[in-house]
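Line by line, the protein sequences give chains P and V. Heads up, the first sequence is in the working numbering, so the first residue is 34 and it goes up one at a time. Heads up, the second sequence is in the working numbering, so the first residue is 198 and it goes up one at a time.
What the hints contain is simulated information worked out from the structure, not anything from laboratory work. Treat the hints with care, since some could be wrong.
[As the list claims (entries may be wrong)] Straight-line alpha carbon distances no greater than 25 angstroms define the calculated DSS-like cross-link-like pairs of lysine-lysine that follow:
| hint | chain 1 | residue 1 | chain 2 | residue 2 |
| --- | --- | --- | --- | --- |
| 1 | P | K130 | V | K254 |
| 2 | P | K48 | V | K206 |
| 3 | P | K75 | P | K101 |
| 4 | P | K130 | V | K268 |
As the structure is a computational prediction, the values presented were derived from the model and not from experiment.
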Amino acid sequence: QQQVKQSPQSLIVQKGGISIINCAYENTAFDYFPWYQQFPGKGPALLIAIRPDVSEKKEGRFTISFNKSAKQFSLHIMDSQPGDSATYFCAASNTDKLIFGTGTRLQVFP
Amino acid sequence: NAGVTQTPKFQVLKTGQSMTLQCAQDMNHNSMYWYRQDPGMGLRLIYYSASEGTTDKGEVPNGYNVSRLNKREFSLRLESAAPSQTSVYFCASSDIWDYNQPQHFGDGTRLSIL
Numbered sequence: 034q035q036q037v038k039q040s041p042q043s044l045i046v047q048k049g050g051i052s053i054i055n056c057a058y059e060n061t062a063f064d065y066f067p068w069y070q071q072f073p074g075k076g077p078a079l080l081i082a083i084r085p086d087v088s089e090k091k092e093g094r095f096t097i098s099f100n101k102s103a104k105q106f107s108l109h110i111m112d113s114q115p116g117d118s119a120t121y122f123c124a125a126s127n128t129d130k131l132i133f134g135t136g137t138r139l140q141v142f143p
Numbered sequence: 198n199a200g201v202t203q204t205p206k207f208q209v210l211k212t213g214q215s216m217t218l219q220c221a222q223d224m225n226h227n228s229m230y231w232y233r234q235d236p237g238m239g240l241r242l243i244y245y246s247a248s249e250g251t252t253d254k255g256e257v258p259n260g261y262n263v264s265r266l267n268k269r270e271f272s273l274r275l276e277s278a279a280p281s282q283t284s285v286y287f288c289a290s291s292d293i294w295d296y297n298q299p300q301h302f303g304d305g306t307r308l309s310i311l
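Extracted from the complex, chain P is given alone in its bound form (with noise of 0.2 angstroms):
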């Protein structure tokens, strides 16, 4: 039951590049639509979230855009480094339980 649908599955990007990663979702429902970082060997932790009220929010080098209409989201690293390289998960919720996207392993080169 993959109610959210994200990709690529890995995505190699140049330093000061940008990173792009997709999720569409089919529950119109979800109002929460958070994305997950996670460093190998450790568990995810928040990094960005947005409600559905707004087409775009930003934090530091971090966007997520919002499409309420095709019901997508992305996630748009600027200015990429390598130490954004984990593994990114979108999610999405409409209750205390989340629907997580199966990630994506960003790796940054120098």
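We have chain P already, so just place chain V on it with the hints.
Structure of chain V alone, referenced to chain P:
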């Protein structure tokens, strides 16, 4: 401030053995969760507990049982381990009163079943 603590960090079991994974949080959160993480599958919810004394099934509950011992602790038990249960298990907690609050994850238990 420890956050969410999981024990053990690593474990190897033989098929048919039983085991309990422990989780404790010190953030006074009401909700606690158990997930499993498998390559290409993301994080899948096994069980969750909205408050002390309540538990509910998630997406993949078969083969598992849970106990919400008190507000701090939420354990996951494998009664008869199977190779398909080889995975990384994460416990998380959050404040139920505002589901926009983040879930806080532990660092996981890496479980191999031979």
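Please work out if K48 of chain P and K206 of chain V have their alpha carbons no farther apart than 25 angstroms. With a Cα-Cα distance of about 33 angstroms, the restraint between K48 of chain P and K206 of chain V is violated, given a limit of 25 angstroms.
Please work out if K130 of chain P and K254 of chain V have their alpha carbons no farther apart than 25 angstroms. holds (11 angstroms)
Are the Cα atoms of K130 of chain P and K268 of chain V separated by 25 angstroms or less? Distance ~18 angstroms between K130 of chain P and K268 of chain V Cα, so the pair holds.
Taken at face value, is the distance from the CA of K101 of chain P to the CA of K75 of chain P at most 25 angstroms? violated (32 angstroms)
In this structure, the earlier hints numbered 2 and 3 are contradicted, and the remaining ones agree with it.
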